[in-house]
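**Student:** Single-letter residue listing:
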Amino acid sequence: NAGVTQTPKFRVLKTGQSMTLLCAQDMNHEYMYWYRQDPGMGLRLIHYSVGEGTTAKGEVPDGYNVSRLKKQNFLLGLESAAPSQTSVYFCASTGTGLPSREQYFGPGTRLTVT
Amino acid sequence: DAKTTQPTSMDCAEGRAANLPCNHSTISGNEYVYWYRQIHSQGPQYIIHGLKNNETNEMASLIITEDRKSSTLILPHATLRDTAVYYCIVRSRNTGTASKLTFGTGTRLQVTL
Numbered sequence: 023n024a025g026v027t028q029t030p031k032f033r034v035l036k037t038g039q040s041m042t043l044l045c046a047q048d049m050n051h052e053y054m055y056w057y058r059q060d061p062g063m064g065l066r067l068i069h070y071s072v073g074e075g076t077t078a079k080g081e082v083p084d085g086y087n088v089s090r091l092k093k094q095n096f097l098l099g100l101e102s103a104a105p106s107q108t109s110v111y112f113c114a115s116t117g118t119g120l121p122s123r124e125q126y127f128g129p130g131t132r133l134t135v136t
Numbered sequence: 169d170a171k172t173t174q175p176t177s178m179d180c181a182e183g184r185a186a187n188l189p190c191n192h193s194t195i196s197g198n199e200y201v202y203w204y205r206q207i208h209s210q211g212p213q214y215i216i217h218g219l220k221n222n223e224t225n226e227m228a229s230l231i232i233t234e235d236r237k238s239s240t241l242i243l244p245h246a247t248l249r250d251t252a253v254y255y256c257i258v259r260s261r262n263t264g265t266a267s268k269l270t271f272g273t274g275t276r277l278q279v280t281l
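First to last, the sequence lines map onto chains Y and E.
In this text, residue positions in the first sequence follow our numbering: the first is 23, and each later residue adds one.
In this text, residue positions in the second sequence follow our numbering: the first is 169, and each later residue adds one.
Don't take every hint at face value.
[To be verified] Listed below are several chain E residues computed to face chain Y (Cβ distance under 10 Å; list not exhaustive):
#1 G197
#2 Q206
#3 S209
#4 L269
Keep in mind the hints are simulated off the structure, nothing from the lab.
For every residue, glycine included, the Cβ atom is placed at its ideal position computed from N, Cα and C.
Please construct the entire structure, taking both the sequences and the accompanying hints into account.
**Tutor:** Right, dumping it as C-alpha cells:
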C-alpha cells in the first residue's frame, strides 16, 4: 500500500494564479482532511470530507475549495492564490472502522505564492 | 475539544527515557488523549492514544493521571531519530466530530549524543 500520496510535492505560483492539489489514499478510508502548516505552527484544518460526495469546512476554509468525487481522492483548489497561502499542505485520511481512528498523513506539498 | 498545554522544547540524551508532559485539565469523559509526532516537516505520525488506562505499544508508553487532567508520553530509549515535534491532542469519541484533530504547537524534542 502506498498509503496517502500527494501531488505535486512543490509548487511556486504567482499571485492570482490557480491550482489544484491532489490527495489519494489506497486504504479505503471514509474520512479525508486537508491541513495547512505555517512555519513554527501546528497544523490547521482547512476542509474535510466524511465520504464520497461530501465536504465540510474546517478551521481556515477561506480561499480554498475542495471536492471528493471519488472515495480515494480529495482535491484542494486555490482559485486565486495569495501570498498568505504560502504554506505546507498536508492531506490525511482515516477509516470509520478503526477503533482508534488514527489519521494517516501524506508527505506534504510545499506551496510558495509570490 | 479540550485544549492542551505542552512545554515548548525539551532535550534528552540518547539512550535515556524521554518523558513528555501534557496538561489537559478541561478534558471531558468522552475524550481520548492522542499523541502524534512530526519529524522534520514530514507528515505527522500517530504514536499512541488512550482514554483513562495507561497504554503501551512498540513506540511508546502513555501514562494518564487518575483525574485525566494530564498525561505523559514516554519514549523508553530515545534515539537521534526520535528528534521531532510531539503533539498532544484531545479528541472526542463522538463519531459526529468526523475524528477531527486540533493541533497545538507541540513540544520540540531534541535528542543528543
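**Student:** Hints first: check each against the structure and report whether it holds.
**Tutor:** Consistency of the hints with the structure:
1. The beta carbon of G197 of chain E is not positioned within 10 Å of any beta carbon in chain Y (closest approach about 18 Å), and the interface hint is therefore violated.
2. With 10 Å as the threshold, the beta carbon of Q206 of chain E comes within range of chain Y, its nearest partner Cβ sitting at about 8 Å, so the hint holds.
3. Satisfaction of the interface hint for S209 of chain E is found here, the shortest Cβ-Cβ separation to chain Y being roughly 7 Å, below the 10 Å cut-off.
4. Nearest Cβ of chain Y to the Cβ of L269 of chain E: about 6 Å, under the 10 Å cut. The hint holds.
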